[in-house]
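Now for the letters of each chain:
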Amino acid sequence: MMLRLAPVLLVILLVAPILAGLVMALLPAFGYLPALGGESPTLAPWRALFAEPGICRSVAVSLASGLVATAVSLAVVLLYLAAVTGSRLDRWVRRLVSPLLSIPHAAAAFGLAFLIAPSGLIARLASPGLTGWEQPPDLLIVQDPWGLSLIAGLVIKEIPFLLLMSLAALPQLDPERRVAMARSLGYRPTLAWWKVVAPSLYPLIRLPVFAVIAYASSVVDVAMILGPTLPPTLSVSILAWFSDPDLDMRFMASAGAILQLGVTATALAIWWGLERLVARLMGGWIARGGRRQGETGLRIAGKLWILLATAIAFVGIGGLAINSVAGFWRFPDALPGSFTASHWVQALPSLAGPMASTALIAVVSTLLATTLALGALENEQRTGRHPSRALWLLYLPLIVPQIAFLFGLVVVMEQLGTRPTHALIVFGHLLFVLPYVFLSLSEAYRRFDPRWSQLALTLGATRNTLFWRVRLPMLLAPMLTAMAVGLAVSIGQYLPTQLLGAGRVTTVTTEAVSLAAGGNRRVIGVWALVQACLPLAGFIIAIGLPKLLWANRRGMQGVP
Amino acid sequence: MTIPHRLDLRDICISLDGQALVELEARIGPGEVLTVMGPSGSGKSTLLAYLAGFLAPTFRATGQVRLDGRDISALPAERRGIGLLFQDPLLFPHLSVAGNLRFGMPRATPDKAARVEQALANIGLAGFGDRDPATLSGGQKARVALMRLLLSAPSAVLLDEPFSKLDTHLRHEMRQLVFDRLREAGLPSLLVTHDREDAEDAGGRIIDLAH
Ligand SMILES: Nc1ncnc2c1ncn2[C@@H]1O[C@H](COP(=O)(O)OP(=O)(O)OP(=O)(O)O)[C@@H](O)[C@H]1O
Ligand SMILES: [Mg+2]
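These protein sequence lines are chains B and G, in that order. In short: position in the first sequence from 1, add 10, done, that's this note's numbering. In short: position in the second sequence from 1, add 20, done, that's this note's numbering.
Since the hints were derived computationally from the structure, they do not count as laboratory data. Source: prediction; values computed, not measured. Don't be surprised by glycine CBs; every beta carbon is placed ideally from N, CA and C. Incorrect hints may have been included.
Far from chain G by the CB rule (all over 12 Å, computed), these chain B residues [stated by the list, open to error]: (1) Leu15; (2) Leu29; (3) Phe60; (4) Pro146; (5) Leu240; (6) Thr276.
With a cut-off of at most 25 Å between alpha-carbon atoms, the simulated DMTMM-like pairs for lysine to aspartate or glutamate come out as follows [unchecked claim]: (7) Lys557(B) with Asp152(G); (8) Lys161(G) with Asp459(B); (9) Lys185(G) with Glu453(B); (10) Lys132(G) with Asp152(G); (11) Lys161(G) with Glu137(G); (12) Lys132(G) with Asp150(G); (13) Lys161(G) with Asp221(G); (14) Lys557(B) with Asp150(G); (15) Lys185(G) with Asp215(G).
Kindly produce the complete structure, drawing on both the sequences and the hints.
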């Protein structure tokens, strides 16, 4: 039966390419790649790698930005959750999480860049009144050598991810009851949350946190937009070497890919050590039994930081929009002197192709991922087996740095003689779409009240009828949400498209990122805005379609 | 519609971790209601899950369930011909009232629409076919759930405290309706409950699991 194969297929699809990719990065790193004349093992690629100027700084920036961005995002999310009181502001933040999550990393990064650049919105608003600047100052704010703007860009995007993961995990901890219990012992509410909920929440979101560390320490597109340039982060350097017309550079790029794997592993190891340390400190803090000290500070921080991050993200997108229609815009003026549609008109002809490619790749990979995920979950229901332990493998593509195995995968494909096609890119995207679709669908699927299925069976429905006429329609809303997440993930992919497409297949994302070097804000505004809006279409359908279909079914309105 | 059915439970023993939880031996004739009583946690729901065909794999069960002389213990739930009435009406929220009634009707049923209409009239809900089930009152929902069960033409019926969530006057009315209809249809039924009044209204034998 096909269904039985779904979980196996799922694991093979995720694991095999990663293993193959890693092996094909490892061999050339030690000089073995017969296609390019590398026949015997040698350490030459590594010598070349360490002789690169600035390599140590690249590694340091990658490592530090991964750790700092994760720590800050996690802190902001936990601070917010601790301070939640169900006020209007809190609900508002919660509602903004999904659209924020759907904005591709590159678009958010451009938005931030336009905001904080020397001639960006913030400088304009503060000038000349506060700063006295009549000209844009000669400061390196975006792409600063310390990677601070890179960290800020990552934090803005990782906050919604970690928040959503936490919100999904929280209900099983019954936080209200725990906090109520602690309050009855005299703890102030925010402190109570930190002391009785946070320690149990963290283990539940540990894998997503690891995924954030891996992502942040190896990201390419955000680093190309916001990261330092001389030298760039390790991942960006690797991409440059790999794309070098001199094919011998590939050996060094492969060594770099393995180094990146080591950097991410080191970041994870350091984090693991930090976990121990924080657990110690928290343990001591909880044991001391303070009930009031610090409550106000924690509460204010909880509201302030998340609000700031959310505001920056949205104002950034607003900035993209303004730039895309700006005519002449003199420096300290907050708004352009004139508006024009000419940037859009000029971009339109070249937008159509990449948009079609983006949509095609996103839709096909999402449909494949949804089918596989449904198959695996339905099989789990029918066999009555517990979720298999092999499922942590789902996180593999999220924890192994993309850049470390995608190269090897390209090499494998070249050896097999596969041409860069849309199908190949779909396959590459599937690696990253599948985990997200599966994770967001499995929640709803496993929580589905088993009595519905029992009822349908005792009414004589077959297993297939049960699936098509009960489970699928009743789970339509979460299924569409999972698909919207899948679309958003695919639309935002830069590296798999760029590498597997060998630069010949362009999507909105690859185009937008490639514009970063040129620095034409008006054109970037157009492309980044299109990139930011595409995933929204998916979410609008995911929210709107069930409302429309179930307009006269009140029982289907509340179902999440 | 009134072919007589009988349900034989032979030497049923369900155990959990090697400890016997439920032991039962009973014959239920056409139109008869057997009531099984017992305190919370005594294994009543477990017994019904076993008879209906979805016992959790943590339990072990031995014995035979014979429906009209045929051993059904090895059949999957959908082929046993045993209907279930739950504590909640559980009307499918995405289907209309008529859609719910049709859901369980055997494929070959002739003239489904007319039978649905007639069934609705039968429980005092004529013309409710197009309604959203979420807009019905508790008592109306319970009646639709009962009718859906009967239209699925089961050969035996299991009831898991189906009245415990209704308020007092509704409860009495529903009991009458349910037991009358089951008797009329000649169905052997097994009711599990905490409530002595349920057992008395059912009018059949009572087995107490608490020994
Ligand atoms: N899936 C399961 N795995 C292990 N033990 C279970 C499982 N389901 C039920 N039990 C245990 O089996 C026993 C019987 O449970 P059951 O639900 O049948 O009781 P009950 O008589 O229906 O109680 P109530 O009147 O409260 O509904 C209980 O001790 C329960 O904890
Ligand atoms: Mg029970």
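We went through each hint and held it up to the structure:
no. : hint                     : verdict
1   : Leu15                    : holds, 21 Å
2   : Leu29                    : holds, 34 Å
3   : Phe60                    : holds, 57 Å
4   : Pro146                   : holds, 58 Å
5   : Leu240                   : holds, 59 Å
6   : Thr276                   : holds, 44 Å
7   : Lys557(B) with Asp152(G) : holds, 15 Å
8   : Lys161(G) with Asp459(B) : holds, 19 Å
9   : Lys185(G) with Glu453(B) : violated, 29 Å
10  : Lys132(G) with Asp152(G) : holds, 19 Å
11  : Lys161(G) with Glu137(G) : holds, 16 Å
12  : Lys132(G) with Asp150(G) : holds, 15 Å
13  : Lys161(G) with Asp221(G) : holds, 21 Å
14  : Lys557(B) with Asp150(G) : holds, 19 Å
15  : Lys185(G) with Asp215(G) : holds, 12 Å
In summary, the structure is inconsistent with hint 9 from the numbered list given earlier, while agreeing with all the others.
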